[in-house]
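Colleague: Listed here are the chains, written in short residue letters.
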Amino acid sequence: MDRMEEYRLLLDELEQTPPKLESALPRARARRRRRRLSRWIAAPAGSVAAMFAVFVLLVNVATPFAMACSNIPILKGLTAAVAFSPSLKAAIEHEYVQRVVQSQTDGGVTMSVEYLIVDQKQVNVFFSLSSDRYSQLDGSGDVYTADGQQAQASLSFPQTPSDPKELRRISIDFQEEDVPDTLILDYKVWAEDDTEAAAPSADSGLWADAPAEPDAVATFSFTLRFDPNYTSQGSQITLDQPFTLDGQQLKVVGLEVYPTHVRVDIQEDEANTAQLHSLDCWLEDDKGVRYDRPRGLIAHGDGGTPRVTSYRFESSYFEDAQHLTLHIEGAIWQDKEEHWVTVDLTTGRTDPLPDGTTLARIEEIDGIPTLTFRAPTLADGMVFRQVVGPIYRSPDGSEHHFSMASHTIALDENGDEIEGIFEESVPLKDYPFDQVELEILDYHTSTLDTPITLTLN
Amino acid sequence: MTEQEFATRTEALKPRLYRTAYLYLGSEAYALDAVDEAIYLGLLHYKRLRQPEHFNTWLTRILINACNAELRRRKRELAVEELPETPAEAYDNLPLKEAIRRLPHDLRAVIILRYFQGLTLAETAEALEIPPGTVSTRQRKALSLLKLELSEEA
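Protein chains in written order, with the working numbering: chain P, 1 to 457; chain Z, 1 to 154.
Just chain P, same shape as in the assembly (with noise of 0.2 Å):
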């Protein structure tokens, strides 16, 4: 065969394109709804400022890993629910899961929860979605306690997974209380069906439908009950170990170490002139073993004062460390000191700006004034962060509260990613005035020439 005649065959083999490409265009669109819902609502005063969490979205990607259970059948399942989460994988390859085996139908959708990995912080549900109606089966829930309460909790719903036929996972996050012995999680399903790409959209803008649900096709409730064995799984130890950083004061003042994730609990002193906004950090038990930070939730905080933060780290519970090492590398800080700019909405002039930060935009989506800012990504893994500070000011000195703020990648007018810099638009809502006043959030990163050393236990 010749080169042309492989050229013929090729074009004709590449012809056939998978049938998965034909909901291409449904899934990025259940994407950017999914970005729509997860961004941040500002927090009335006094409901939730006892508590932040910093999440990061998981990327679908199925990683394949070492097969290590493959003499497990019935869990061979859950490896691609996994692959992003070693403390998760280990789990598994030490038969650490609760098999539960609930079924429901609703709506031409079937759910069906199968295996749970818990210990005293955390619930991870496995499950499955189908339906002979939708390709396309994405969804969010709820979890409640026993008594019908909500429970203090933080879920993560990592993305829809490449192949339908895989089990999803969600990520349920006990801050302050432990894992009680029941559950109810209430789960929406919403479906994007092959016809849509075609149909009319009437999703115009950002800020239109923000706060609308798509309706859900189907909804489900299941109780789900623990094994005691694994809610008890967990170890906490009480710390005092301060140590100096980049001038800061900071202390270590708990160990937890759980099957699915460790915490390291560390407390800034309130004299600080910064404040911590994230460690380059990683742990090492006595073998060398190290322990990075996972993906998902990162960290979160007490909101007390002093502050005190919780930041996670892989899971060294099924390697029987004796003892964890947390070496700090850099830090970056967030100033204590408010910076305030003023930005004529005219003229789209400001105070100057942190360094790096720049006023992209000021245009009107939706029939609302939205300035976007363009802003250097932080050297911490986390693609956006918060630029404008929660409340603004108009010139007659009255305090307003955004209601959200949308972040998205910055590219540039031929749609090439502009490497590190991200974009946060903020909206004006009901603002009848020409001027504005800011807080611009400023952040400075540290990378230590000498990493800090502490052992922990």
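Because the hints were derived from the structure by calculation, they are not lab data. Keep in mind that this is a model prediction, so the values were computed, not measured. Hints may be right or wrong, so weigh each one.
Claimed, not checked - Using 30 Å as the maximum straight-line C-alpha spacing, the simulated DSS-like pairs for lysine-lysine come out as follows:
1. Lys20(P) / Lys14(Z)
2. Lys20(P) / Lys251(P)
3. Lys165(P) / Lys20(P)
4. Lys97(Z) / Lys20(P)
5. Lys147(Z) / Lys20(P)
To be verified - Among the chain Z residues that face chain P by a calculated CB cut under 7 Å, a handful are:
6. Met1
7. Trp58
8. Ile130
9. Lys147
Backbone N, C-alpha and C define an ideal beta-carbon position, used for all residues, glycine too.
Following the hints, position chain Z against chain P.
Modeller: Frame of chain P; chain Z shown alone:
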């Protein structure tokens, strides 16, 4: 451009985007991921496309960025080495698909866009942000390495 126009043009371009991604990345799953990423980013940003007539090259460029990002992420896993531009004999024993994947990056991009996505010479230049003369030089070199006798005309 309205979302409906974006949807219509994306649907039409989708098979060509897939072919491009497949040849770049060498697997159906990776190609689908890259097309998904490109369409998602396109959906987020189509309102900023000031010249809708450049839609195809604009979305193709986003796709190429997605493919390059994917290749960087998977560099170790893929373990595919580009063969040097010479000697040409190195390509002779490889199936065409494999030979394309092993072309030096710059030549591979031109060949895929010109002869598998069907972009003109000018569109390829626009998508890759290089002068048309450079596209012409690279396609000549790549065709020669692959021993393909295809038209070099625009």
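Colleague: All hints are to be evaluated individually against the structure, with a verdict given for each.
Modeller: For each hint, the structure was consulted:
The straight-line distance between the Cα atoms of lysine 20(P) and lysine 14(Z) is roughly 11 Å, inside the 30 Å bound, and the hint therefore holds. Note on lysine 20(P) and lysine 251(P): the hinted pairing is violated, with a Cα-Cα distance of about 51 Å set against a maximum of 30 Å. Pair hint lysine 165(P) plus lysine 20(P) holds up; C-alpha atoms about 13 Å apart against a cutoff of 30 Å. Distance restraint check for lysine 97(Z) and lysine 20(P): the Cα-Cα separation of roughly 22 Å lies within the 30 Å cut-off, and the hinted pair is therefore satisfied.
Under the criterion of a C-alpha separation no larger than 30 Å, the hint pairing lysine 147(Z) with lysine 20(P) is inconsistent with the structure, at around 34 Å. Evaluation of the methionine 1(Z) hint against chain P yields a violated restraint, the C-beta minimum of about 12 Å exceeding 7 Å. Because the closest C-beta pair between tryptophan 58(Z) and chain P is about 5 Å apart, less than 7 Å, the hint holds. For isoleucine 130(Z), the suggested interface contact is broken, since its CB lies about 13 Å from the closest CB of chain P, more than 7 Å.
The interface hint given for lysine 147(Z) is met, as the beta carbon of that residue sits about 5 Å from the closest beta carbon of chain P, less than 7 Å.
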